[in-house]
Amino acid sequence: MLYKVMGRDVFKDFVKSLISDYEFIGPKKKDKAVHDFVPIKDISELDINYKRTTIPPAKKILFPPDEKLVTYEVNEKIKVRPLIESSEKVLFGINAWDINGMNFLDRFFVTDFIDENYLERRKKLIVIGMDSEPTETNFSPSMDSEYAKDGFDLYLTELKDRYFIRINTARGDEILKKYAVTEDALVKDFKDYNNYMDNYRKKFKLNVNIKDFYDNFELIYDDDEFWKRVAKNCYSCGSCNLACPTCFCFNVKDDIELNLKDGNKTREWDSCMLPEYGLVAGGLNFRPDKENRLKQRYRCKLKTFFDKFGRYACVGCGRCIEVCLAKINIADDINSIKKEVSV
Amino acid sequence: MSKPKVGIFGFTGCGGCQLEILNLEDQLLDLVSAVEIVHFTEAITEHSDNYEIALIEGSVTTEHDIERVKKIGDIAKIIVAVGSCAVNGGLNCLKNLYGVERAKELVYGDKKDWIDSIEVKPIDEYVRVDYYARGCPPNRLEIVDIIRSLIIGRKPEIPNYPVCVECKRNGNTCVYDFGITCLGPVTRAGCNSRCPSSGTGCESCRGLIDDPNINAQKDLLAEYGLTVEDIISQFNLYNACKKVIAKENKK
Amino acid sequence: MAFDIKYKDKSNKSSIYVPEIARINKIQQISPTEKIFDIVFEDDKNQNNFNFEPGQFVELTVFGLGEAPFSICSNPENKDFFQLCIRDVGNVSGALHRMKEGSKIGIRGPYGNGYFPYEKMENQNILLIAGGLGLAPLMSLIKYILHHREDYKEVMIIYGAVNPENILFKDDIQYFSSRNDISICVTVDNPDAGWTGEVGVCTKLIPRVDFPVENTCAVVCGPPVMYKFVIIELEKKNYYPEKVFLSLERRMECGVGKCNHCHIGDKLVCVDGPVFSLWEIKNLKEAI
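Protein chains in written order, with my numbering: chain A, 1 to 343; chain B, 344 to 594; chain C, 595 to 882.
Derived by calculation from the structure, the hints in this document are not laboratory data. Cβ coordinates follow ideal geometry from the N, Cα and C atoms, glycine included. Treat the hints with care, since some could be wrong.
What the hints assert, rightly or not - A few chain B residues that face chain C, going by a derived Cβ cut-off under 10 Å, partial list only:
1) Arg491
2) Ile495
3) Lys498
4) Glu500
With the hints as extra help, turn the sequences into a complete structure.
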């Protein structure tokens, strides 16, 4: 890691140059409730003071909601071609927990088999991180995710009169050299940065005791009453999964044009909360109940991947709490578990 | 392979479903080259009783309708109900809430006896329906998908998940965030979240999913200030023929 | 970037979702609902490189229609083609059943790191228990064992079918019966007038097996409802859970550990399975 500082006056020109030279994706106000990460053509569209983003920016780019994986032509001979579309992009203003969400997906999509569709896009994505205001439902510090250790090229932290920059890659270093005048970070800069981080962490009001949940999960696992209560109002609508920065489940579909010649394989986001998730040909459904599906979701988020990768498949962004119309609250549920098992 | 013959028929409704097929634009030519359309009430004057697939729009509201729909049922190998009226009775079913006689009187006054009008029912009350292209209007891409699936011999995939899924895939802000109520969480998707994407709440024109959480939906609507009557009328707009919902709500 | 060091780059850049073109060489209807398909890759190179283990599966694409996983039922030592035994129940299997010899399909695989551990089974008695279509994945193992017969001790097959016409692999069963180094017992739930064999579920034959448990491996494959009852019988006889192997079915979309549909607890059937030992399954809630 390399540390530099950049003056506030330099920042605007730096962003302007990136917008003019790159395919630039950044936060833009969508409506009174949320911001959305979209292609930015002019700096006036960019609003880095965002709070809520319904759809995680990195997931949307690297693993789009629907994506053609393979195309084919069905004639005498069948021609099959992989479709891996990627172009160099700058993802600007993504916050630490969403970077950590992307880091999880990075790990996931290259484990066992390498998903080239994801990987190609990931390699070409220039990530410039910046902190954003946490929402009331955010519990990232409990999940060790309010700070990004890696997965970005540059991370800009706004101090009073300057930006503190963490440079994580040679690519980031080159971009910075080319587009901005910077200085090496000095002791005072580090001190101010540390102060800033202390204050920033205080903005997160929600805490969860994930360790308790992890330790007691197997104990609560067979308590059907508990899971029925948690899932009582669940709509099985999948909003929690679809808004999650680490959820990766998908369906693959084959389709063909009406000419019966041009076909493709497409994947689209799926959700483990939907009734058909465990349905196999012949009509047997391995997960027919919503409480069972919810339990499995919690297992996947808060246990499975801690055991596999040493990190949770949850970064504490709180999106699933915000989007749930049934008010299912993963933070409350994590915190309730110790009380449940001690009764 | 010879092209399957298709008949497109209209019953009681606004005719908008047939219009949706005509509105296919780019895909209309592909469609008419993939199948042979032998009857299309709204578009062609030719008519033949020789067809394998029948697309039926509208609900059954007269004695004459019953005869017609049964005749189609005798001929067609596969019947697709197209649009809310055909699928679950649709808006027309609101008439049933008044009772047929009262409704006739309200509309036609002392001439009511001239009118052939019976209780509104979806077509599957009279003929077997193989597939349902839901919605008001139906999603034309879904109609194409059903026809394509029938040509290649696949069971058409009609979603059994709620509209929320499509809203999220489309990156919509939930309309509840703006204080607008929406039946999306219990309504079958497949419309590509048409209404919420344009900022209005879902009215459940595609009917409910197989296992809707009606209680949760009632709690939610009540929280947004709707009375029991409001909630019932919301559910009834497109689903009055499905009495189960009205009953559920009165509990 | 830090990210680069986390994965090993492969030289082969083709996507894991691209199927190779293969041809259905031969179709045999072996029961009212099942057919066996002989499949050969169009490209000889793919055919030569296609090595599978007993218990592994492939993802089969019917172009334009869909993709589904199927267990391979032929002898892994046969390099000329491989076979799938498929029941007509879904979109893809239904389309396959309508296909003719010579039709083209797509194949990805073989997949499944958890296959029948035939090396661990060497010098053991082998008890194979199959129900219905569950015989298909076991056939691959049975044929492998017969190919290397001297490496194994006694081999016994218990096979349960719903009724006599649903008995699969009748020719193979006849052949096994004619050999004296493998015993096979077939039972049906609903016998017809001509049936002279066993009647009832396959679990009731297990008590009669008298292999010493310390050097016996049991292999089980069948419909999900069968497992619970088979396990009870095997446990009554004190079979070692680490020597009992079961092949599990779940919904799969990708076969390569990405779509996550086949998870059972912390495991994925596609990459960790589809074959698991009873010891693993006992510690995997909801597997059975």
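Verify the interface restraint on B:Ile495: the C-beta must sit less than 10 Å from at least one C-beta of chain C.
holds, 6 Å
**Hint validity - B:Arg491 Cβ closer than 10 Å to any chain C Cβ** = Cβ of B:Arg491 sits 9 Å from chain C, so the hint holds.
_Interface hint status, B:Lys498 versus chain C (Cβ within 10 Å)_ = holds, 6 Å
Interface restraint verdict for B:Glu500 against chain C (beta-carbon cut-off 10 Å): It holds, given that the least Cβ distance between B:Glu500 and chain C is near 9 Å, below 10 Å.
The structure is consistent with each of the numbered hints, conforming to all of them.
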